[in-house]
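Next come the chains, spelled out residue by residue.
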Amino acid sequence: MTNSIADIESADVFLITGSNTTENHPVLSSTVKRAVTRRGAGLIVVDPRRIKITQYADKWLRQNLGTDVAWINGLMHVIIAENLYAKEYVERRTVGFDEIQKTVEKFTPDYVEQITGIPANELIEAARMYAAAERGCILYCMGITQHTTGTDNVKSLANLAMLCGNLGIEGGGVNPLRGQNNVQGACDMGGLPDVYSGYQKVIDPAAREKMETAWNVSDLPDKPGLKVTQMIPAAHDGNLKALYIIGENPLVSDPDLNHCEKSLKNLEFFVVQDIFLTETAQLADVVLPSACYAEKDGTFTNTERRVQRVRKAVEPPGQAWNDWKIICEIGTRMGYPMSYENSRQIGEEISQVTPSYAGIRYDRIEYDGIHWPCPTVEHPGTPILHREQFTSGKGVFHAIDFIEPAEAADEDYPMYLTTGRLLYQYHTGTMTMKSDGIMEIAPECFVEISPQDAAKYEVKDGALVTIASRRGSIVARIKISRKAVSGTIFIPFHYAQAAANRLTNSALDPISGIPEYKVCAVKLSKAA
Amino acid sequence: MAEQNMIVINGNEFVFEPGETILEIAQRNNIDIPTLCHLKGATATGACRICVVEVEGARSLVASCAAPAAKNMVVRTGSANVIKARRMVLQLLLSSGNHNCAVCGSGGTNWTEFQLHVHQMDNSEELCPVWGDCRLQELAFRYQVTGEKFEATQTPYPIETANPFIVRDFSRCIQCGRCVQACNEIQVNQAIHFGYRGAATKIIAAGDRPYINSDCVFCGECLQVCPVGALVEKEGRYSVRPWENKKVRTTCSYCGVGCQLYLHVKDNTVVKISGVQDVAPNYGSLCVKGRFGYDFIHSPERLASPLIKENGKFREASWEEALDLVAKRFDEIKADHGPDSFGVLTSARVTNEENYIAQKFARAVLKTNNIDHCARL
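Protein chains in written order, with my numbering: chain U, 297 to 824; chain S, 11 to 387.
Some hints here could point you the wrong way.
Claimed, not checked - Restricting the straight-line Cα-Cα distance to at most 30 Å, the calculated cross-link-like pairs of lysine-lysine (DSSO-like) are: (1) S:Lys159 x U:Lys348; (2) S:Lys282 x U:Lys561; (3) U:Lys355 x U:Lys398; (4) U:Lys608 x S:Lys244; (5) S:Lys282 x S:Lys323; (6) U:Lys519 x U:Lys506; (7) S:Lys344 x U:Lys497; (8) S:Lys344 x U:Lys519; (9) U:Lys348 x S:Lys319; (10) U:Lys506 x S:Lys377; (11) U:Lys348 x S:Lys282; (12) S:Lys323 x U:Lys558; (13) S:Lys212 x U:Lys621.
Bear in mind the hints are in silico, worked out from the structure with no lab data behind them.
Bound conformation, chain S alone (with noise of 0.2 Å):
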């Protein structure tokens, strides 16, 4: 029998598969690395640094993520080295944009300047939108580290609005390229790139156009992937907190694809919809339709009562009148005419229950088989 590959991780032997990496085999060990860049599917970049470990023999501590396992690799994730790493790339990266959550001071100014400042840039007067939905805020939490040691830097770019779903705000943006990634590599819809260089580098989309004059075709990928406030819903932005939903897990009711997704939920209103990550048939992902289509639900226009044509026009009328009357009419045509002068339409858009009993209907009570829908259609 050929010898296994083996791989010590914080004093423990582990068996691993060539080619994986030693972030894998400690994700698939329960042993916890933090990450921010990495993102599941795609090829790892090791961007963040935030998943450095030592490796005994090694010059300088290693991007789990990247990292291929060898054979007889000694790994430590949480020396002291590994801690200072990490707490140095969280300062970093919350010394620069506007990170205005409890954990951000900045550098020179203080808090309540910061403040007021990021208020007036996002012409908002709330937290951060993703407060408590942040990953480098959970982080910065963990390591105890706020962006004041190091000096303050802005970003040159303006938050962008100028379409109707996502709302692109820079000054929030780390570069970890998780959209970049989702865009290409998950969605491949192609629509997003890092641009330009340096302190100057900048997610563009199309030459650095808005969203709406570029490829992008709003499949919202991006601002699922994002793990801080650079990509938020525009609808309920500064509205919708974590914490004030539930989410109820179902399957979108557009296409045939049937991708799972969360309805969350505020006060009996859908006010946000998100992919359910690691679940068949789309592992996360979801198209403009079912991520943003869904103000139909609450819309005004939607039927609230039974109602009864008389002289030409609708008026409402009780469940009991609206059910008497059809009944009553379907008992005289079918004495009249017959069972198979009814058709019955049932339809693509309702669950398999009730298409089920819609054919029950037309069978056993109607008794005709003149029920159909619109497959052809």
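Next up, chain U with everything else stripped away, as it sits in the complex (with noise of 0.2 Å):
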């Protein structure tokens, strides 16, 4: 986030979009809609599904699946026609303006209105609403990442921002809600194939030899490796031998999951560590027993850049041990030793290489966390970002167009699939599921689709049917909601039994490398 949550509750108008924030973030919903219903901030909410923050929005605006480069650049032609963007912002701090111009100016409200499927006037509305607000906070999530174009969305939303001048104040900014715990961590300590911690690049070679100073070593390699989503496909093709997986569970959360689970099948050496024996640690050679968070100490970075003590408070169960330890007594069998006393040493030489966590300590957080960049020890930590200035100098508008999803819509898979997380089931379950609570309010997938396709496919709610796209098919039963739009079918991602990856697309967004789960083409039968 560039802003922090506190900050977000100054907002005078929110524009949440691809983020089902009640569900996925409750606790950081409570803060919009406290501004919303106790101080009568705006909301507007760009969905398709009639999630329960629409119950709050003053502007629900239905978009078709996969365009959100359209309306976006569409409240922009808006914004821009009616004269209503912060003009000295965009003159002092940003460059390109004029190429964004050309670009938004065919994103009529007609135009935009064929593509998106959300009426002009709506747009213009909304496109009003946004700009008016002195602050203007956009939240947004993985509604709006996981596409083809999901970078482009993600830019094109800061170009919106830009545009109006919310970013770098108070109850502003471009805020990604971060779904997992400490997913801002890992990209922060260099869980990337192409950063070491704190975003230094292993293809500059200062940072390189400065990490291998640190480390002791040599010959550091100088190329990006392979994300994620690329290393399954090597792992199938057989250039990839030995896969090392820490703390996931891809085979319930990457797309297609046929095609990974042949692809895992065919390492030479597998090796999962875990605290569970997940759908995945059962394809392993070698399963490492971990800790989980109530058994360790260390830091975990919340997604407005805030690090924060966990705190050991029982002991693990049996032999685990903390993650840090297993790696370390790895990599010292392997002739490079690696050995700390607990996980405050690491955090110190995490400190020392890192710049933007050079300020953080342990005693600096006992009581409240720190947002970084905190360059020193006497920084208070940065909870705004771009400030004075962008990282970069000045902001830059991207020009981006339109493109249609990767799949759409044919004769042979006539219905659209969206998928999602649900409020009581976590990721892939393999916590959620533990619990006989949760499990007695969420217990099993499902399939929401809506009243009017209901009738047309003649299916009654709770009827098991079957759903199937060109890469593989389940069985679940149907839930039939208004929340669904009709034309689109949603199903949450959880369920191993059922599990919806076995049906998602895995095209990826070229830059990202992140796979289109919230468009795919599917056809709709009873089973049998």
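Join these two chains into a complex; the hints should help.
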């Protein structure tokens, strides 16, 4: 997030898109709901499903799946045409306005209506509402990113925020809501193929040399490595021989699972380190038991870049160890001594080699966490990014045209499928499905379908149906719901027994490598 | 310079900002005024009247939580009248319902009979589930009162146990309204309200249905703010006693909001989770997963030993054997196929320190940049 969670409560207008906020970030959604119900802030929601947060919205725009660049460009078209943009801000802090003006010119409300299905007048009103806000806050989640045009979608939202002068101010910003407790930290720490901790690039000779000195090694690899969505195909093709997976369950969470399963079985050696024998771990050659969050010390970094303490409360079961200790033991056995007394000592090494974490110390975050960048031990942290200027100087507008999703509905697969999470379950269910109470409320997979589609296919609530795509098929129960829009079904991806990801498309965004989970073509038939 | 806003509390002068209540000024200056219904961050209701104070010139005692300070106001927070009024409020609250802690006798019936009656209604032989963790009990001790002064009244509403997470015991509800405010003004889930009127008043969800059939999303905010034993976790309702637990503060391990929470630990077991008040980012709030989704920690299915697959089946192994095998196979594959034949997937679930170590291992030991995690998935 460019801004902090506390800070978003001071926004005048929210634009929420691709985020089922009340179910996936419930506590954060309360800050939005408080601002709306108690302070009268405006709320625009752009989402195909009638999710709970739409009940609080002044404007709810229901776009066709995968048409986000079109409506965002449409908003910008209206804002520029009606002269509502922040001219002084655009002039002083950004470059590329002329190109963006040219690109959005053709995205008239009528043209956008043809692509997105959003009525022209609704788009105009939403544009005026966002532009009129002194502090406009954009919140988005995987509904924006999990597309073949995910990067385009995010850049388009950044364009919109810059156009209205909403970046670098309190109550504004472009705020991705991160779905996992430490996904921010995993990125910050260099759990990515192209960067060390603090986003220091592996292709940068100076960064490499710095890490070689710090780690006392030579010949650190200089080419960016494979992304997860490239590793699985590489395993399939036999180029990747060994995989070491820590705390992940791709056999439920990856797209096109049938292909994923074949790829993992093709590995020469496969090690999984986890707290449970997950679907993925069952395929491994060696499984290593690790401690869960309640059994270890350390830090997590949340969605607002706040580094917070994790503290050990109970002993791990049996022989389970901390993940870092297991990795260090393997490294040491391979001839590179890795030895730490505790997580605090690792934390100190992180602050030595990571500029954005240089001022983070355990004793500074005992009570309150600190937002990075935090370059020195005196620095108070940075709740709002891009205050005075953007990290790279001026903010660059990226002129982006609309591209269709990778797979369209057709005669053979006439419906669209979109996937997501539920309030009561979490990701692949490794943790939540061990809770009796949660399983009592959300026990099994379902196919959310509109009343119109249910009538068309003559299926009753609770009926078993087969959903098939070009990649696989699953059987699940029908749940007729006004949340669904006609022509599109929704299936939560948590449940391994009826894994939605047997159906999803593994077509990737060319830059981020994210799969298009949010759009694919399927067909529905009554289960035999 | 404009004249400052001054108020006199217990003989001392304090500066205040326009709009501040008497209670806020007192709290800011460490003057203790007891509260029951007051909920930080929500509209003051003045419902319970335990926070009354004497204001010179006022016709009656004033609820300090709802009364804005005025210039030159003279306030006494502990006068005889104030104490008398607070004792009366507590006596009334204690006389109604099943407050079966040691402080509560009940008018007319003897203590033993009352306890037996409560045990029967609650299907338990224990004292109140929040004994020792109850604001009403605490105040009753402080002001040395019992409920015996007034005739006992009973609630007509049975206990509700129809959902897996929260027990609603209307016999212990004092209708302070904190849960209603927490639901509507803090979490804004708008699931519960005051229902009925007068003596029949009840906190209701969706036309007086059980939580499970209402808009309730089991965030448990109501339970966290309940000052008495009306809303208690179903799991360990009578077995989790505050004096037997230690509380360990940590960060939630579900979504990316990073809520601050307490793990309540008894005998090396997490038995309850509560939100940490007054601290960002969640200021005490949690969701159903964070508050109730902790069974996995002590699940019998947890991996407790390294496993090695032989002939398609796993067998348990020692750490020595498993680590030696992994290191040996990694060495062989590195020698045969080169560093880029490896992939490492680290995790958005583990700590920063562990992610750092994982990438260091991939780069410095395996000598590959093939490291990623599930940010995209």
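Now the hints, each set against the structure:
Among the hinted pairs, S:Lys159 with U:Lys348 is inconsistent with the structure: their alpha-carbon atoms are about 49 Å apart, more than 30 Å. For the given pair, S:Lys282 sits about 40 Å from U:Lys561 by alpha-carbon distance, which is inconsistent with the 30 Å threshold. Between U:Lys355 and U:Lys398 the CA atoms are separated by roughly 27 Å; this keeps the pair inside 30 Å, and the hint holds. Under the criterion of a C-alpha separation no larger than 30 Å, the hint pairing U:Lys608 with S:Lys244 is consistent with the structure, at around 25 Å.
Note on S:Lys282 and S:Lys323: the hinted pairing is violated, with a Cα-Cα distance of about 37 Å set against a maximum of 30 Å. With a CA separation close to 16 Å, the supplied pair U:Lys519 and U:Lys506 stays within the 30 Å bound. The suggested pairing of S:Lys344 with U:Lys497 holds, with an alpha-carbon distance near 24 Å, which does not exceed 30 Å. In summary, the hint linking S:Lys344 to U:Lys519 is supported, as the alpha carbons are separated by about 17 Å, within the 30 Å threshold.
Using a Cα cut-off of 30 Å, the hinted pair U:Lys348 and S:Lys319 is violated, with the two alpha carbons roughly 46 Å apart. Distance hint between U:Lys506 and S:Lys377 is fulfilled; the C-alpha atoms sit about 16 Å from each other, no more than 30 Å. Between U:Lys348 and S:Lys282, the direct Cα distance comes to roughly 28 Å. Compliance with the 30 Å bound is thereby established for this hinted pair. A distance of roughly 19 Å separates the Cα atoms of S:Lys323 and U:Lys558; the hinted pair therefore holds under the 30 Å criterion.
Annotation: proposed proximity of S:Lys212 to U:Lys621 is violated, straight-line Cα distance about 54 Å (limit 30 Å).
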